[in-house]
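What follows is each chain in one-letter form.
There are 2 protein chains.
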Amino acid sequence: MRVFSKAQIIARFNPELAVSQLEEGFIAYSEGKVQVPPVQGFAFKGANGDCCVKSAYIEGSPTFTVKLSTGFYDNPSKGLPSNDGLMLVLSAHTGQPLALLQDQGWLTAMRTALAGRIAARLLAPAQVKAIGILGTGMQAQMQLEQLRAVTDCRQVILWGRHERGLAAYTAFARELGFGVHSTQDAAEVAGAANLIVCTTPSRQALLHSDWVQPGTHITAVGADAPGKQELDPALVARADRIIVDAIAQCSQYGEVAHALGSGQINAHQLIELGTLLAGRAKGREHDGQITLADLTGVAVQDAQIASYALAALCT
Amino acid sequence: MRVFSKAQIIARFNPELAVSQLEEGFIAYSEGKVQVPPVQGFAFKGANGDCCVKSAYIEGSPTFTVKLSTGFYDNPSKGLPSNDGLMLVLSAHTGQPLALLQDQGWLTAMRTALAGRIAARLLAPAQVKAIGILGTGMQAQMQLEQLRAVTDCRQVILWGRHERGLAAYTAFARELGFGVHSTQDAAEVAGAANLIVCTTPSRQALLHSDWVQPGTHITAVGADAPGKQELDPALVARADRIIVDAIAQCSQYGEVAHALGSGQINAHQLIELGTLLAGRAKGREHDGQITLADLTGVAVQDAQIASYALAALCT
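Chains as they are written, first to last, in the numbering used here: chain A, 25 to 339; chain B, 25 to 339.
Since the hints were derived computationally from the structure, they do not count as laboratory data.
Keep in mind that the hints are not guaranteed to be accurate.
A pair counts as met if it fits within one copy or between any two copies, since identical chains are not told apart.
In the DSBU-like style, the derived pairs of lysine-lysine whose C-alpha atoms are separated by at most 35 Å in a straight line are [stated by the list, open to error]:
hint: 1; residue 1: Lys69; residue 2: Lys153
hint: 2; residue 1: Lys153; residue 2: Lys57
hint: 3; residue 1: Lys306; residue 2: Lys30
hint: 4; residue 1: Lys102; residue 2: Lys306
hint: 5; residue 1: Lys57; residue 2: Lys252
hint: 6; residue 1: Lys102; residue 2: Lys57
hint: 7; residue 1: Lys102; residue 2: Lys153
hint: 8; residue 1: Lys306; residue 2: Lys252
hint: 9; residue 1: Lys30; residue 2: Lys102
hint: 10; residue 1: Lys69; residue 2: Lys30
As the structure is a prediction and not an experimental result, all values here were calculated from the model.
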């Protein structure tokens with residue numbers, strides 16, 4: 025088995041190639057051509073930590089993948105990052121372990137950012153006035169990097185809770201060539217931007233329905249576990265198109281779960297990203313519509329990005 | 025993260041130390057002091073293969089473990105072993121991956137053999153006349169090696185389907201100091217031995233109830249997945265004590281599942297090995313009783329043997 029470090033993985037990673045492999049994964053998932061066993065979860069209460077194991081095989085693929093990701097939220101006080109993770113790639117022909125990708129969670133962050141890019145390509149309005157970003161962490165950075173490929177807009181309006189995070193992100197975004205306005209008032213983001221990406225671990229709605237302009241597309245990636253929420257359920261209900269990465273998973277703990285739970289939407293309104301990518305559902309039809317992509321993160325993304333990364337490392 | 029090979033693991037492995045850690049694991053499991061998420065399973069039909077991911081955390085342990093094991097049954101025609109596997113050990117304090125144990129399935133085989141040893145220590149009759157072994161593979165070898173620690177008996181009666189396997193195992197057992205009689209008639213094993221270990225991947229009963237003598241202890245480790253079976257359900261029903269590693273799992277696919285399914289036993293007859301080890305249930309009471317240990321293999325065994333192996337490697 026070959027072992028690769030995060031630095032090696034990043035050095036050989038080309039998002040333009042990875043994104044099409046991710047699209048194939050979403051399509052296969054929505055066509056049922058995958059094996060995705062139930063997620064394994066651990067909670068380490070004393071250590072304020074958790075771990076999940078996500079595994080997937082896409083029928084016909086030469087490999088399958090098992091991913092571990094951990095979040096230990098007291099780690100920063102020990103000088104360690106909160107998140108860590110790795111992926112194992114095995115042969116679907118012989119079962120042999122082929123590679124250990126010690127990406128420390130980077131591939132998970134990247135596959136999430138690439139899913140946001142796919143959603144924006146399919147659903148953003150033709151004219152993006154400004155890009156709204158909620159959150160100032162690594163995922164907020166990676167989402168913005170990826171959006172450059174799908175819009176010419178270079179204006180960002182940024183929301184965060186802390187001046188320090190806002191300042192650091194502002195410097196990052198300017199470096200990428202963006203004009204940046206930062207705020208601690210999320211209503212201001214909704215008033216200025218018509219392509220909004222929510223990337224926080226919030227446990228209550230940050231973005232309210234009556235703030236959001238017609239024609240806006242919103243991608244929400246924060247609600248990746250029960251209890252998390254970034255959007256007002258009324259905003260979910262107001263959306264003309266609700267795209268999810270996985271109906272089963274989003275119904276459990278995505279933004280969509282809150283709106284389903286309160287009866288504000290029906291399950292039949294949900295459209296999987298793979299169904300949209302395959303052309304078997306309608307996306308945005310005009311620039312007055314509100315569209316939403318609720319992305320909780322699915323194991324087929326891990327399998328596809330690991331497969332791509334390994335191929336890139338071995339060529 | 026440190027990476028260890030099978031050879032390194034074997035070189036530092038002391039079964040006498042590992043066995044007590046396994047016993048603690050069984051006890052913790054039966055006391056509910058563990059986190060054992062659902063097993064993840066894959067089937068690779070075209071390649072005649074499967075993979076399962078078993079993970080466990082024992083409350084209070086400094087580590088937790090994720091184990092992958094694969095069986096690809098056409099591999100021998102490619103010059104590869106059918107089974108492979110590895111274990112990942114992570115910190116339960118920080119989530120950091122600590123070690124990759126590239127044991128290629130050896131630790132799984134060893135923890136299974138050690139469970140057989142524990143069962144024999146607790147349940148075998150006082151005078152073992154002969155040890156019966158069904159099967160001639162690696163697990164059959166490891167079970168016999170481990171039984172040396174719990175009985176003075178050095179007579180083996182061996183059953184297998186093929187002359188070649190019988191001859192190889194006979195040579196192995198003689199090397200260990202055993203007298204060996206081999207046969208292709210399982211009734212002969214039951215007639216001569218009163219400590220019998222069944223180690224085959226059979227899908228139909230090999231050992232019939234009316235062959236078995238009073239006072240016999242039987243350990244069955246082959247039925248580790250749905251459809252597998254080594255014992256006549258009537259033999260399970262005839263046992264005075266039915267010990268299982270995990271009631272939930274054995275009820276699904278152990279030997280016990282067949283006898284439960286046909287109504288020949290009741291679930292309340294099942295006693296977990298951890299309950300027996302903790303002294304909270306009775307084992308064998310006299311040498312006329314038939315006892316059975318149905319061992320399907322549980323993730324706490326993996327967690328405990330990985331934890332032990334890592335400690336041994338790091339000291």
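Evaluation of the provided hints:
1. Lys69 <-> Lys153: Neither, since 44 Å and 51 Å both go past 35 Å.
2. Lys153 <-> Lys57: neither (38 Å within a copy, 55 Å between copies)
3. Lys306 <-> Lys30: Cα proximity of Lys306 and Lys30: none, with 38 Å in one copy and 53 Å across.
4. Lys102 <-> Lys306: Result: close neither inside a copy nor across copies, 49 Å intra and 48 Å inter.
5. Lys57 <-> Lys252: both (29 Å within a copy, 28 Å between copies)
6. Lys102 <-> Lys57: between (43 Å within a copy, 27 Å between copies)
7. Lys102 <-> Lys153: Cα proximity of Lys102 and Lys153: none, with 42 Å in one copy and 59 Å across.
8. Lys306 <-> Lys252: within (28 Å within a copy, 48 Å between copies)
9. Lys30 <-> Lys102: Close inside one copy (21 Å) and across copies (33 Å); limit 35 Å.
10. Lys69 <-> Lys30: both (28 Å within a copy, 33 Å between copies)
Checked against the numbered hints above, the structure breaks hints 1, 2, 3, 4 and 7 and satisfies the rest.
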